[in-house]
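Given these sequences and hints, build the entire structure.
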Amino acid sequence: GLGLYVCKSFIEIYNGKVWFKSIEDKGSSFYFSLPVIDSHMLQPEKTKKRTKLINNSLRLPSPLL
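The opening position of the sequence shown corresponds to residue 9 in the numbering used here, with each subsequent residue numbered one higher.
Be aware that a few hints might be false.
[Stated by the list, open to error] Computed spacing ranges between beta-carbons, pair by pair: (1) L10 x I45: 26 to 34 Å; (2) G35 x Y13: 28 to 36 Å; (3) F18 x I45: 17 to 25 Å; (4) L10 x D46: 32 to 40 Å; (5) F18 x D46: 17 to 25 Å; (6) Y13 x D46: 28 to 36 Å; (7) V14 x S37: 27 to 35 Å; (8) I21 x D46: 18 to 26 Å.
Everything labelled a hint here was simulated from the structure, so no lab data went into it. The C-beta atom is built at its ideal place from N, Cα and C for all residues, glycine as well.
In structure tokens, the structure reads:
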């Protein structure tokens, strides 16, 4: 139904990927990946600036739960 489309839409908004593997008479498996930032690689002062930049310039929709 609609659930897979909604999941795919949210994942793509956040620059992720969705794919599936299907085996006849066995079923399908769905997978997704999302990019992440390794916070250990960021310096504290740069992290604050980056967070502010992201918060001010990147307006992503908030999911309704």
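Verification of the supplied hints:
1. L10 x I45: 26 to 34 Å: Holds: the Cβ-Cβ distance is about 31 Å, inside 26 to 34 Å.
2. G35 x Y13: 28 to 36 Å: violated, 19 Å
3. F18 x I45: 17 to 25 Å: Given range 17 to 25 Å: holds, Cβ gap about 19 Å.
4. L10 x D46: 32 to 40 Å: holds, 34 Å
5. F18 x D46: 17 to 25 Å: holds, 23 Å
6. Y13 x D46: 28 to 36 Å: This hint holds: roughly 31 Å between Cβ atoms.
7. V14 x S37: 27 to 35 Å: For S37 against V14, whose Cβ atoms are near 18 Å apart, the range 27 to 35 Å is violated.
8. I21 x D46: 18 to 26 Å: holds, 22 Å
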